[in-house]
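Please construct the entire structure, taking both the sequences and the accompanying hints into account.
Chains U and W supply the protein sequences, listed in that same order.
Be aware that the first sequence starts at 11, since it is given in our numbering, and climbs by one per residue.
Be aware that the second sequence starts at 11, since it is given in our numbering, and climbs by one per residue.
By construction, these hints were calculated from the structure, which means they are not laboratory data.
Be a bit skeptical, because a hint or two may be false.
Given that identical chains are not distinguished, each listed pair holds provided it fits within a single copy or across any two copies.
To be verified - In silico EDC-like links for lysine to aspartate or glutamate, alpha-carbon gap of 16 Å or less: (1) Lys400 with Glu470; (2) Lys405 with Asp492; (3) Lys379 with Asp253; (4) Lys404 with Asp492; (5) Lys95 with Glu455; (6) Lys95 with Glu222; (7) Lys379 with Glu68; (8) Lys400 with Glu439; (9) Lys145 with Glu434; (10) Lys379 with Glu250; (11) Lys145 with Glu223; (12) Lys405 with Glu341; (13) Lys200 with Glu250; (14) Lys379 with Glu74; (15) Lys145 with Asp253; (16) Lys75 with Asp88; (17) Lys110 with Glu74.
There are 2 protein chains.
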Amino acid sequence: MLDHSNLSAVHESAVTDVGLSTQQAVPVTVALGDGIGPEIMQATLAVLHAAGANIAPEFIDIGEKVYLQGHSAGITQDAWQSLRKTKVFLKAPVTTPSGKGFKSLNVTIRKTLGLYANVRPCISYAPFVQTQQPKMDLVIIRENEEDLYAGIEHRQTDEVFQCLKLITRPGCEKIVRYAFEYARSHGRKKVTCMVKDNIMKMTDGLFYQVFEEIGAEYPEIAKDRFIIDIGSARLATRPELFDVVVTPNLYGDIISDIAAEVSGSIGLAGSANIGEHVAMFEAIHGSAPDIAGQGVANPSGLLLAAVMMLVHIRQAEIASKIHNAWLKTIEDGIHTADLVSTHTTLEVSTEQFGQAVIQRLGQLPSRFKPVQYQNPAVKPQETRALYQRKPAAKKALIGVDVFVHQTQLSPAQLAERLQSAQTELLELEMITNRGVKVWPEGFPETFCTDHWRCRFIAPENAQVDYGNILTLLFGISQRGLDVIKTENLCTFDGIRGFALGQGQ
Amino acid sequence: MLDHSNLSAVHESAVTDVGLSTQQAVPVTVALGDGIGPEIMQATLAVLHAAGANIAPEFIDIGEKVYLQGHSAGITQDAWQSLRKTKVFLKAPVTTPSGKGFKSLNVTIRKTLGLYANVRPCISYAPFVQTQQPKMDLVIIRENEEDLYAGIEHRQTDEVFQCLKLITRPGCEKIVRYAFEYARSHGRKKVTCMVKDNIMKMTDGLFYQVFEEIGAEYPEIAKDRFIIDIGSARLATRPELFDVVVTPNLYGDIISDIAAEVSGSIGLAGSANIGEHVAMFEAIHGSAPDIAGQGVANPSGLLLAAVMMLVHIRQAEIASKIHNAWLKTIEDGIHTADLVSTHTTLEVSTEQFGQAVIQRLGQLPSRFKPVQYQNPAVKPQETRALYQRKPAAKKALIGVDVFVHQTQLSPAQLAERLQSAQTELLELEMITNRGVKVWPEGFPETFCTDHWRCRFIAPENAQVDYGNILTLLFGISQRGLDVIKTENLCTFDGIRGFALGQGQ
Numbered sequence: 011m012l013d014h015s016n017l018s019a020v021h022e023s024a025v026t027d028v029g030l031s032t033q034q035a036v037p038v039t040v041a042l043g044d045g046i047g048p049e050i051m052q053a054t055l056a057v058l059h060a061a062g063a064n065i066a067p068e069f070i071d072i073g074e075k076v077y078l079q080g081h082s083a084g085i086t087q088d089a090w091q092s093l094r095k096t097k098v099f100l101k102a103p104v105t106t107p108s109g110k111g112f113k114s115l116n117v118t119i120r121k122t123l124g125l126y127a128n129v130r131p132c133i134s135y136a137p138f139v140q141t142q143q144p145k146m147d148l149v150i151i152r153e154n155e156e157d158l159y160a161g162i163e164h165r166q167t168d169e170v171f172q173c174l175k176l177i178t179r180p181g182c183e184k185i186v187r188y189a190f191e192y193a194r195s196h197g198r199k200k201v202t203c204m205v206k207d208n209i210m211k212m213t214d215g216l217f218y219q220v221f222e223e224i225g226a227e228y229p230e231i232a233k234d235r236f237i238i239d240i241g242s243a244r245l246a247t248r249p250e251l252f253d254v255v256v257t258p259n260l261y262g263d264i265i266s267d268i269a270a271e272v273s274g275s276i277g278l279a280g281s282a283n284i285g286e287h288v289a290m291f292e293a294i295h296g297s298a299p300d301i302a303g304q305g306v307a308n309p310s311g312l313l314l315a316a317v318m319m320l321v322h323i324r325q326a327e328i329a330s331k332i333h334n335a336w337l338k339t340i341e342d343g344i345h346t347a348d349l350v351s352t353h354t355t356l357e358v359s360t361e362q363f364g365q366a367v368i369q370r371l372g373q374l375p376s377r378f379k380p381v382q383y384q385n386p387a388v389k390p391q392e393t394r395a396l397y398q399r400k401p402a403a404k405k406a407l408i409g410v411d412v413f414v415h416q417t418q419l420s421p422a423q424l425a426e427r428l429q430s431a432q433t434e435l436l437e438l439e440m441i442t443n444r445g446v447k448v449w450p451e452g453f454p455e456t457f458c459t460d461h462w463r464c465r466f467i468a469p470e471n472a473q474v475d476y477g478n479i480l481t482l483l484f485g486i487s488q489r490g491l492d493v494i495k496t497e498n499l500c501t502f503d504g505i506r507g508f509a510l511g512q513g514q
Numbered sequence: 011m012l013d014h015s016n017l018s019a020v021h022e023s024a025v026t027d028v029g030l031s032t033q034q035a036v037p038v039t040v041a042l043g044d045g046i047g048p049e050i051m052q053a054t055l056a057v058l059h060a061a062g063a064n065i066a067p068e069f070i071d072i073g074e075k076v077y078l079q080g081h082s083a084g085i086t087q088d089a090w091q092s093l094r095k096t097k098v099f100l101k102a103p104v105t106t107p108s109g110k111g112f113k114s115l116n117v118t119i120r121k122t123l124g125l126y127a128n129v130r131p132c133i134s135y136a137p138f139v140q141t142q143q144p145k146m147d148l149v150i151i152r153e154n155e156e157d158l159y160a161g162i163e164h165r166q167t168d169e170v171f172q173c174l175k176l177i178t179r180p181g182c183e184k185i186v187r188y189a190f191e192y193a194r195s196h197g198r199k200k201v202t203c204m205v206k207d208n209i210m211k212m213t214d215g216l217f218y219q220v221f222e223e224i225g226a227e228y229p230e231i232a233k234d235r236f237i238i239d240i241g242s243a244r245l246a247t248r249p250e251l252f253d254v255v256v257t258p259n260l261y262g263d264i265i266s267d268i269a270a271e272v273s274g275s276i277g278l279a280g281s282a283n284i285g286e287h288v289a290m291f292e293a294i295h296g297s298a299p300d301i302a303g304q305g306v307a308n309p310s311g312l313l314l315a316a317v318m319m320l321v322h323i324r325q326a327e328i329a330s331k332i333h334n335a336w337l338k339t340i341e342d343g344i345h346t347a348d349l350v351s352t353h354t355t356l357e358v359s360t361e362q363f364g365q366a367v368i369q370r371l372g373q374l375p376s377r378f379k380p381v382q383y384q385n386p387a388v389k390p391q392e393t394r395a396l397y398q399r400k401p402a403a404k405k406a407l408i409g410v411d412v413f414v415h416q417t418q419l420s421p422a423q424l425a426e427r428l429q430s431a432q433t434e435l436l437e438l439e440m441i442t443n444r445g446v447k448v449w450p451e452g453f454p455e456t457f458c459t460d461h462w463r464c465r466f467i468a469p470e471n472a473q474v475d476y477g478n479i480l481t482l483l484f485g486i487s488q489r490g491l492d493v494i495k496t497e498n499l500c501t502f503d504g505i506r507g508f509a510l511g512q513g514q
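Next comes the structure, spelled out in structure tokens:
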């Protein structure tokens with residue numbers, strides 16, 4: 011195990027060496043992590059220091075040791091305080107102990123600090139790193155907080171389980187704006203939106219609508235759109251079609267793994283989790299306890315995460331210098347054990363690899379294209395709120411979907427029972443089962459579960475109030491039907507806020 | 011345009027030729043479709059005839075002409091009658107006219123007839139067909155009726171849109187059983203389940219639970235499981251890991267496209283849509299109007315769909331004979347224009363390709379592995395119901411999630427207001443926003459939308475009735491809060507039927 015105080019001392023002297031006052035330096039919370047974490051972090055900090063990165067690390071303990079001390083998420087109150095103060099987190103991989111009761115540290119940090127954007131560059135380094143797709147150079151920007159990952163699940167009947175997919179305007183605006191701002195500061199030319207809005211017209215439709223709205227503010231950046239099915243397929247087979255990709259949470263989860271696997275560079279990739287207040291940077295690989303302490307691990311993933319961090323804190327020039335030196339090192343054939351191939355000229359240790367990068371600071375790669383980062387438009391801390399709440403629409407309540415659990419009645423019998431409970435203001439319009447209309451005029455082949463969605467609507471779209479709905483619900487339950495769930499039906503500024511039934 | 015009656019006559023004489031009475035023949039509904047449809051169907055039927063397939067085609071009109079006659083889904087009542095009578099549909103590709111108001115024929119047929127399983131073999135034919143994955147030979151079995159595709163979407167507030175993901179026990183049982191039965195009759199060794207049950211523990215958890223339950227009835231078939239993110243990635247990069255894959259609708263949609271694209275064989279692939287009553291077989295490619303009528307189209311996709319159909323109607327021996335002759339034709343280098351490469355020995359027309367297959371009936375491929383299909387265990391029409399409803403669990407109502415639309419109150423203020431409405435039986439337990447707990451003890455960084463989920467639960471899990479919930483809802487709405495949605499909280503046989511809040 012490395013001694014934190016040593017690393018800290020090394021770094022502080024380094025910062026003084028290059029003539030920068032530590033007062034001006036940007037405080038950064040640093041965690042050495044578990045397994046190979048300490049050694050790759052040491053190599054990374056050495057490069058940052060040599061390149062003149064103006065940062066002041068604060069070291070915190072996270073991970074295995076902390077879990078085993080009884081902190082269920084592997085992090086202490088002191089560590090939280092540091093994160094909330096510095097707002098920037100460079101994190102080495104951690105080991106989650108096996109056994110129940112340990113929560114994912116990353117999920118905890120993401121949820122607690124509201125890290126809404128997951129940023130994952132996926133780049134091929136052929137011929138030095140084996141890849142199926144040598145022309146891959148793209149960045150996936152995945153919404154990180156909502157969609158099906160809100161964890162709102164209910165068993166509603168004996169047969170039917172439900173998960174809510176929530177897509178929100180602020181969630182969409184924040185991630186889409188981040189994607190376009192990222193494209194701008196990273197010299198990217200195109201942003202592609204991936205959704206399934208031919209099926210999910212309201213939720214995924216909102217995501218794409220926001221993409222179009224915000225995209226219009228970035229005329230210099232090209233826009234493209236793929237349905238997620240064919241988009242995933244093209245990402246796997248023709249990644250050169252993509253530059254920056256922005257997508258909701260679940261799709262982003264899937265395509266991030268596809269892209270990482272196809273690029274062949276999982277050991278070399280960094281990623282960022284960005285919030286309005288705090289941002290976290292890390293390698294995408296794990297703590298690799300099997301090779302820990304041997305000095306053979308490749309520090310590239312963490313180093314490239316640190317490069318992302320430097321752009322984030324507006325030290326783009328240093329970031330470019332480090333990234334270009336790293337590219338030169340790889341193309342010079344100076345490789346750690348994991349990359350050894352016929353293209354290797356010298357196999358080196360973790361520390362030696364860091365030194366090789368340091369020796370090349372100021373040089374540009376000749377086979378790879380050099381990078382040139384731009385600072386983001388403003389300091390992250392001073393960014394205006396990414397979402398401004400809009401004025402409320404004129405919302406009118408015009409009906410309700412009542413969900414009923416029953417197995418005894420046919421669709422026609424159910425309709426009759428429900429109609430006996432309907433009020434002047436709320437009339438039964440249709441019944442669906444798994445979204446397919448079964449009344450009026452269903453198909454004999456439709457398989458019916460025990461879960462019925464019964465739509466009541468005000469005649470001629472008159473407006474109702476919630477009291478009318480409660481009266482209806484009372485009537486339905488008085489008739490022996492088991493109401494399990496309701497969804498109000500509203501218009502917003504006169505526009506229908508609900509989908510029609512299939513077959514309606 | 012081909013004349014149906016000719017094709018029909020050709021086929022009937024064929025059936026008589028091989029000495030089979032048309033009375034014994036299996037009636038099959040056949041649609042010639044649009045574009046290249048008629049010519050590839052003619053070549054396909056010629057092969058079926060020569061191989062001795064015992065079928066009696068009934069020709070129906072679907073597609074462009076029918077759309078333009080004013081049938082919004084491109085199909086007539088007569089065609090529905092034929093489908094409902096024969097229960098087997100061999101369908102050539104159709105053209106959907108451009109313009110609004112035309113509904114997808116495939117979606118209409120799938121929904122109307124309850125085609126719950128989409129079956130998509132994805133096979134590489136290297137070196138004759140260019141592919142990134144020469145070792146690919148897998149079948150994707152996608153649930154086709156539920157999941158997020160039920161089309162139940164609501165705009166709930168100014169900021170929040172919702173889509174329901176429904177996963178049902180009958181839906182899971184039907185698709186999982188189909189997958190294992192398919193594996194058995196097609197000589198497949200392994201079924202892999204792909205879900206995201208580490209996140210969606212109840213919905214995707216149910217799918218995986220059913221996979222384990224039903225899988226236990228097939229001890230000779232290996233079982234495997236992948237989380238959909240890494241599963242998709244492995245499918246794209248190491249498809250040889252997979253044999254049969256079974257997965258819910260959305261994931262199946264995505265991985266079907268990935269697999270088809272990676273295999274390189276989109277022009278050669280057939281697919282099936284299977285229901286309890288009716289099954290439909292087709293090529294996965296479109297009607298290709300640009301090359302229609304030239305006699306150059308490749309009939310392989312439709313022919314291989316017909317092979318799937320023959321297995322379905324328990325003519326496995328004929329299916330194997332045709333499939334092996336087709337493999338031999340491809341490896342002999344007899345190719346239509348789309349496949350011409352250095353491996354081609356003779357470029358042929360659509361009809362000539364069919365004749366080449368016919369000449370090889372009875373031969374086995376030498377480079378490709380021969381196929382040998384088994385008849386399914388029973389005739390599809392006689393299959394016992396795929397789902398037997400289980401006895402109801404003991405359901406106890408113990409609380410309710412009340413969703414509120416508001417922007418004026420802080421979480422603490424909202425809690426106070428709600429508590430003033432709570433009853434003896436239903437106490438406020440927590441409030442979440444996009445699934446993250448904001449009361450009690452929220453995090454200051456949590457971004458809040460205008461959509462609040464407020465959980466009321468009976469103290470010490472006492473039981474309540476729906477009247478108690480209506481009383482609570484009345485009280486909440488009396489206090490000026492806008493209730494937009496409710497979800498009952500129940501236990502089933504004492505097991506909690508709802509997920510806890512994140513941070514709870």
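Results for each hint:
1. In this assembly of identical chains, Lys400 and Glu470 lie within 16 Å of each other by CA distance neither inside one copy nor across copies; the values are 29 Å within and 42 Å between.
2. Taking identical chains as interchangeable, the C-alpha atoms of Lys405 and Asp492 lie at most 16 Å apart only when they sit on different chains, with a minimum of 11 Å there against 29 Å within one chain.
3. For the identical chains of this complex, Lys379 and Asp253 are intra-copy neighbours only, at 15 Å inside a copy versus 40 Å across copies, given an alpha-carbon limit of 16 Å.
4. In this homomeric assembly, Lys404 and Asp492 come within 16 Å of each other (Cα to Cα) only across copies, at 14 Å, whereas the closest approach inside a single copy is 33 Å.
5. In this assembly of identical chains, Lys95 and Glu455 lie within 16 Å of each other by CA distance solely across copies; the values are 13 Å between and 62 Å within a copy.
6. Taking identical chains as interchangeable, the C-alpha atoms of Lys95 and Glu222 are never at most 16 Å apart, the minima being 36 Å within one chain and 48 Å between chains.
7. Proximity of Lys379 and Glu68 under a CA criterion of 16 Å is satisfied in neither setting, with 34 Å inside one chain copy and 62 Å between copies.
8. Proximity of Lys400 to Glu439 under the C-alpha cut-off of 16 Å is found in neither arrangement, the shortest distances being 33 Å within a copy and 30 Å between copies.
9. Taking the closest pair of Cα atoms, Lys145 and Glu434 never come within 16 Å of each other, the shortest separation being 65 Å inside a single copy and 65 Å across copies.
10. In this assembly of identical chains, Lys379 and Glu250 lie within 16 Å of each other by CA distance solely inside one copy; the values are 15 Å within and 34 Å between copies.
11. In this assembly of identical chains, the alpha carbons of Lys145 and Glu223 never lie at most 16 Å apart, being 31 Å within a copy and 44 Å across copies at closest.
12. Neither within a single protomer nor between protomers do Lys405 and Glu341 lie at most 16 Å apart by alpha-carbon distance, with minima of 60 Å and 65 Å respectively.
13. Taking identical chains as interchangeable, the C-alpha atoms of Lys200 and Glu250 lie at most 16 Å apart only when both belong to the same chain, with a minimum of 12 Å there against 34 Å between chains.
14. For a Cα distance limit of 16 Å, the shortest separation of Lys379 from Glu74 qualifies neither inside one copy, at 39 Å, nor across copies, at 50 Å.
15. For the homomeric pair Lys145 and Asp253, the shortest alpha-carbon distance inside one copy (11 Å) is at most 16 Å, but the shortest distance between copies (29 Å) is not.
16. Taking the closest pair of Cα atoms, Lys75 and Asp88 come within 16 Å of each other only inside a single copy of the chain (15 Å); across copies the shortest separation is 72 Å, beyond that limit.
17. Taking identical chains as interchangeable, the C-alpha atoms of Lys110 and Glu74 lie at most 16 Å apart only when both belong to the same chain, with a minimum of 14 Å there against 59 Å between chains.
Hint compliance for this structure: hints 1, 6, 7, 8, 9, 11, 12 and 14 are broken, all remaining hints hold.
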